[in-house]
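Trainee: Protein chains in written order, with the numbering used here: chain A, 45 to 190; chain B, 45 to 190; chain C, 45 to 190; chain D, 45 to 190.
Hints were generated in silico from the structure; no laboratory data involved.
Same chains, same names: a pair is fine if it fits in one copy or spans any two.
Computed cross-link-like contacts, SDA-like style, restricted to lysine to any residue with a CA-CA straight-line distance of at most 20 Å:
{"id": "1", "residue 1": "K135", "residue 2": "G166"}
{"id": "2", "residue 1": "K150", "residue 2": "T95"}
{"id": "3", "residue 1": "K150", "residue 2": "E165"}
{"id": "4", "residue 1": "K150", "residue 2": "V124"}
{"id": "5", "residue 1": "K135", "residue 2": "A121"}
There are 4 protein chains.
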Amino acid sequence: MTIVMDAGTLNEFLGIEFPQVAGSYRVETTGPELLTARLIVAEEHLRPGGTVSGPSIFALADLAIYCVILSRIGPVALAVTTNASVDFMRKPAAGVDLLAQCRLLKLGRSLAVAEALIFSEGDEEPVARCSMTYSIPPKRPETGGL
Amino acid sequence: MTIVMDAGTLNEFLGIEFPQVAGSYRVETTGPELLTARLIVAEEHLRPGGTVSGPSIFALADLAIYCVILSRIGPVALAVTTNASVDFMRKPAAGVDLLAQCRLLKLGRSLAVAEALIFSEGDEEPVARCSMTYSIPPKRPETGGL
Amino acid sequence: MTIVMDAGTLNEFLGIEFPQVAGSYRVETTGPELLTARLIVAEEHLRPGGTVSGPSIFALADLAIYCVILSRIGPVALAVTTNASVDFMRKPAAGVDLLAQCRLLKLGRSLAVAEALIFSEGDEEPVARCSMTYSIPPKRPETGGL
Amino acid sequence: MTIVMDAGTLNEFLGIEFPQVAGSYRVETTGPELLTARLIVAEEHLRPGGTVSGPSIFALADLAIYCVILSRIGPVALAVTTNASVDFMRKPAAGVDLLAQCRLLKLGRSLAVAEALIFSEGDEEPVARCSMTYSIPPKRPETGGL
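Can you build the whole structure from these sequences, using the hints too?
Mentor: Next up, the structure:
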């Protein structure tokens, strides 16, 4: 499948559409197989003990999976998550960013399925595994002017 | 099963252990069947269009399920989510809080399973459904002095 | 929501459309809140030790959820499971049937979400919890003759 | 991690411990990264139209994940599935076997997590994706005689 939005274009899109979160996340690379995204870990993502919170891990997976879909279909702001399954497997390392490696498994007309492995930067063992289904709205008919 | 932490005690515990999030969440009621918890929706939980974000819904379910477990076993700060499954079913209403109705399904020695339905306050149709497994650390042996 | 297929009609439908499995499963009751279905446990559903196998529990949940959807929309043989999440919580009792209590959470135009609790007959604690999403094919246009 | 049970040993173990299903499944290969297993598709696994049923896909994933765990820890018959999440993405091809490619993501003292992609033999696009958690019973203490 062709990549229609690369990392730079995706980051620009996130900055415009999701200004509240765009400062914390960055798409690093896109490719035919994998998209990688980063959570720039800050105070707000931490739990006592310095570990990244579950909801922050979920948010990173959600963003990476959203972006891997957009990288193939273009800027569809209205795609929404319908299902998510997460396994939290190891405690994230304190003081380092999280990276998501995300793979698109199915891109149908109305549903897309992708999975992500989440790593503490520099570690080889995944912190979490996530799979999600997105519902993609039907394409609006091209209109001649209005 | 006996309730060993009620809503007031749980909210106090959250305020001490999780000061970063305690302002946004509140346990409303505990009981033999259901625990209810509230997300006090603020700007930070919203997506464009005024709808509550997926990660905020996840965070509410996670907190409610954590609290329903603590309500039976007491203040075990180290219980951790190992698995979560979420179905996002409807768009949350804009400008109202979210409520989680949470039920404990299993409380084993090392694993607990619970589920939560999430509602926009005032609506009868659930916004989301979530089930989670928590790993409960083994009780530390009582030591005589050290 | 109105029930358009009751237990008798659903069992008749299963016997015609799914003759390979219809002998093992039976819809017991339908209602505005709950559908209950039974797995008539036989040798083929057992694992060593006399306990019902995981795939048999999955199959019962899948059938009950399929039927709760049909009970509202009528005989749509082509509805298919797109996602399933199961928590296996207790060992089923040996030598007794399994019962599924199933609740429809969302019935959209193209996706339906339902959940089921599975019990060993006579036990109050659930053996398993399951939630599934079904994709419902668009209605075929009414044709005038062919 | 070292492989302590290879494909031949796993198949022998399945034949002894699970004689009811061993004829339908076969571990094909084991390795440091992937285990592959086959469902020898027969009449009993089919739905109308000749497609493999959801419970049969679930059963293949369950068996492959069980075997990838055993390949690292040896013959522990009592390991049990505690959680499963499945995405059914494409209709299996009629008349061909299914293959599971399975990867171990975490092997802890009491919980193991693995994922499997399921393919119709000869196809490159996965039919389904599955992740499961297994609970591993604690090792019985070595006893000197009794």
